[in-house]
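Protein chains in written order, with the numbering used here: chain C, 4 to 178; chain V, 26 to 516.
If you're looking for bench data, these hints aren't it; they were derived computationally from the structure.
Be a bit skeptical, because a hint or two may be false.
[Unchecked claim] List time: in silico DSS-like cross-link candidates among lysine-lysine, alpha-carbon distance up to 27 Å:
#1 V:K478 - V:K269
#2 C:K129 - V:K478
#3 C:K89 - C:K169
#4 V:K64 - V:K238
#5 V:K87 - V:K367
#6 V:K444 - C:K11
#7 V:K478 - C:K11
#8 V:K502 - C:K11
#9 V:K64 - V:K407
#10 V:K444 - V:K401
#11 V:K444 - C:K129
#12 V:K407 - V:K367
#13 C:K89 - C:K78
#14 C:K89 - C:K129
#15 V:K502 - V:K444
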Amino acid sequence: MITCTYCKHANREGMYFCDECGAPLFDLAGAPATQNLPQNEPANLTVPLAATAAPVAVNISNKLAATTQLALHFKQGAYRVPLPAKPEVTLGRVDASTNTFPDVDLTTLDGTELGVSRRHAIIQHKEDQVLLLDLDSVNGTYVNGQRVLPAAPRVLQDGDEIRLGKLRARIIFEN
Amino acid sequence: MDHSQNYYAILGVSPDATAADIRTAYRQAARRFHPDANKNEGAMLQFQEIALAHELLADEAKRRQYDAMRARLVADPPYFQVNLSTSKRILPQLGEPQVLYMLVEITPFMELAQGAVLAPLNVALVLDRSTSMKGPRLDRVKAAAHQIIDQLGPVDFLSLVEFSDRAEVLIPATSVTNPLELKARVNMMTPGGGTEIFQGLQNGFQQVLRNQKSTHVNHVILITDGQTFDAEHLSLDLADEAVKRGVGISAMGIGDDWNDAFLDEIASRTGGSSAYINSPNAVVRFLNERIRSLGSAFAERLRLSVAPDPDVHLESAFKLIPNPQPISVERQPLQLGALESKRPTKVLLQLQMPTDMQLGFRALVRVDVMGDILAKQRIDYKVINDFSVEVAANPAMEDPPRAILEALGKLTLYRMQQKAEAAIQAGRIDEATRRLENLSTRLLAAGHTELAKTAMMEARRVRTTHVLSEEGRKTMKFGTRMLLSAGDDNE
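So here's chain V without its partners, still in its complex pose:
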């Protein structure tokens, strides 16, 4: 039992609620989120919390004890706020299902965020030294590692793991007090061997665990250029374990031979990010950007739990900024990684609403955001939001919020590319060609000439050879994804 949590808020009652109020509130909440009634993944999580709150507050002795504990705790100042908006405020009553988009914006409170110093990092670099890294790739990776060492200081922890067929810890986790010595160790990396990512990740994870602290950003950064020879599920299991221990994993792929779906999945499960680096020269920039983003963390281990009402279905989630990333909705809570002090974190949810809804106001979804406030050492700070919408027979047409429309316009491009890929894998070549042509049209209309050309070339290639080029595929996938962050960087 975590006494810093506000169980009154979780149950949706005021602190002076009577026993009857608590009973009623519990019944209502159970109707919304009990697993028998609500098949949404996030509802289960929500119900566990509610049941816990009820158990505590319904028992008079336990409630008294909890109240006494709470009285002694200093009330939390608001650390971050969560703002929810939907594509429509008033939904039409329809005899068919309809889609509703919801934008979740998480913003740190200004006064706190402005005075924020750089977050201390506890980072493991896991670097591929397989034979294919020989030459400029490994050189640039080393240069990038040097720059990172320069950026870190005595409060930070760094470790370096190199891997090929097996993994070796070149720099055991250490605070960065002697940069020259660390750089010399980086230079010892020599190319050779195959690619076994799990070995590398596991070693990196263990190094991070040595100094795992809730005041730090605990992160593993993997750089690879190849498909892994070992079983991918080992690495995915490791990612799940990492989340439990508060460690994120980011993955960067150099060149065209690595498995982007696999690295995406690792990143998505841990709240990290994944990136496609098409030239060795870009390695330094990407890695610096990642370290900069981690270092500007105001809160870490940001988790979003989405519990729609029983008749509402959560179809998909996509993190728009920072580091655009699709997020699998099968695993709740959704891992969002770090909340930067100067940028909001935004997630777009796609919900499907049922047919023939009753007129009037109705509950839509409960959205919880939890995170660790690094500088305040406040673990599991939580903001709870219950969101309702109105259903009307013939609502007036309303403008969807500009932010949702813009995000959707860009997200559509990413999705078109994903669907084209799926069509190719299923052998539906005509469909894939058509989708790529459409994508090219849309990209051109949006002024992304280079990506449009790539899509057109790939459409032709698919028509004749029935496959995409790896380069074209990754360029389109990560190119369309990056469009999402393009507009927001200058906010």
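Isolated chain C, as found in the complex:
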């Protein structure tokens, strides 16, 4: 079996792309194939996003359940913001003039100065995974230093560093 590092799907031996999410399996499985591909490959070759963004699972053993409480820790853990228990939590800044009321308001954490958009990102909490979606924010969303593209939801692991513009946070799965 080859377990996809991206979505954890168990694939049969000999496969090169995950049956479930399409992520490349070859370099993750330890085969030297990817290193040998030229770096300046033209865009039409499937450049594996997940391969470059291979999430180093911080704490895989940490059990994630529908009841797991998610929290964002800001400023090196000085502020803890528990996420409301709903399937989709929006992150951003409250702006009454445009009728924007995100679930988590980051204004008081210097959101404006640090470039957080009014509607910046969404954290989806499904039973077996937590996803981060960028809402086409001006200054971008990053996980462990890698950009989360607007159309490309990203699986979050316990302890991942999230950056909204220049505002840093850490996602913690609390049991």
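Since the structure of chain C is provided, determine the placement of chain V on it from the hints.
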């Protein structure tokens, strides 16, 4: 009995083999391909050939007669070659099943292919004139038909069938000597009525049969914009009949209302191709491309027969180029259509290997490719390949061939879209949404921004409405499929 076939090669013995050699070879081959031992669809076909070869060569009188016939035949020069490669050369011995990919590349021999002239065509255009074709669609179809008439000459045969609730032969099969008159007939098409594809196809097929020749590319090209009102199985039966008579069928759908699974199946069974034309303006380009591809045929009626060993299972087959097309593996031999003189035909096979294989070399699969070499009037030219792999306890990691990896990367996108569709049909909305989101991620990573956007929009739509839009669905399906040919066109 076809004396041009090399029954020694089919049995896997040399022409000076003794009776004992032949007996041994037959027993070995029977162990691999006898239907009692091997449940793979292609094995049955293979075994029939082997049994035939054995019957002939084991009988001394018949063998002498066959040898004498062969001596009189001029030996074939190699017309095309078949190259097989697998994702791994050395397989690990595992206590679990593993997947092995095999790339089949069929390449015409250069000297022959370079001097090749355009293949003569025997084509029926079967054109939908139902009410929904009114306006730009029918206008563009007529313009496309005009262009095709201009491209054809006295050696080609053309017929034109229009259909709605019933079919009418506007141009009975004729050589193209008076283009002006033919164009005038095209202009007589007027929109009106429903869509009954079978009527049209049947008439087109009959027109092609009138001049059916093994030196020609015999093909029906269907253009429609709607679901058929008659029973689809009639058309599918017709497709099977067409293959037997050496006629291919290609199908093009305009707009969003036609049944792509149905047209795909027709194309897949006959070695034709299917295409999605999203704007009337693209009709001319698509049709020209199809005619160009058919006209550059070096060999026609290319058939691939895949007979894996008894413990190996053929899971899927996909034609990568030309004209990317999934091919159903339930029907052997697999119909590949025309082999173009300047482009190879490539097919990717997915095989499942058994658990706990013995160490050492083992037979994997027998792959036959048959085709008619048009300019040489050589019917049923055949290349036989037996492929073996090595199994080792702990083989060193090896790089999968670049060509296989690239094809798989693109094929994965197509498959993701197909799985999302299947999930929607089964009512698994969460799964479908997740698959579409994943697809969008992958498409974006591969730089296909437009398709990625479509996938994302469709993911949202599915989450709220539980269905895909027809346009989005077809855009994703044919869009991801076309990615496969994108890289190879400039070879």
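To see whether the hints hold, each was checked on the structure:
{"no.": "1", "hint": "V:K478 - V:K269", "in the structure": "violated, 43 Å"}
{"no.": "2", "hint": "C:K129 - V:K478", "in the structure": "holds, 23 Å"}
{"no.": "3", "hint": "C:K89 - C:K169", "in the structure": "holds, 26 Å"}
{"no.": "4", "hint": "V:K64 - V:K238", "in the structure": "violated, 36 Å"}
{"no.": "5", "hint": "V:K87 - V:K367", "in the structure": "violated, 41 Å"}
{"no.": "6", "hint": "V:K444 - C:K11", "in the structure": "holds, 18 Å"}
{"no.": "7", "hint": "V:K478 - C:K11", "in the structure": "holds, 25 Å"}
{"no.": "8", "hint": "V:K502 - C:K11", "in the structure": "holds, 26 Å"}
{"no.": "9", "hint": "V:K64 - V:K407", "in the structure": "holds, 24 Å"}
{"no.": "10", "hint": "V:K444 - V:K401", "in the structure": "violated, 44 Å"}
{"no.": "11", "hint": "V:K444 - C:K129", "in the structure": "holds, 20 Å"}
{"no.": "12", "hint": "V:K407 - V:K367", "in the structure": "holds, 20 Å"}
{"no.": "13", "hint": "C:K89 - C:K78", "in the structure": "holds, 24 Å"}
{"no.": "14", "hint": "C:K89 - C:K129", "in the structure": "holds, 9 Å"}
{"no.": "15", "hint": "V:K502 - V:K444", "in the structure": "holds, 11 Å"}
Hints 1, 4, 5, 10 from the list above are not met by this structure, while the remaining hints are.
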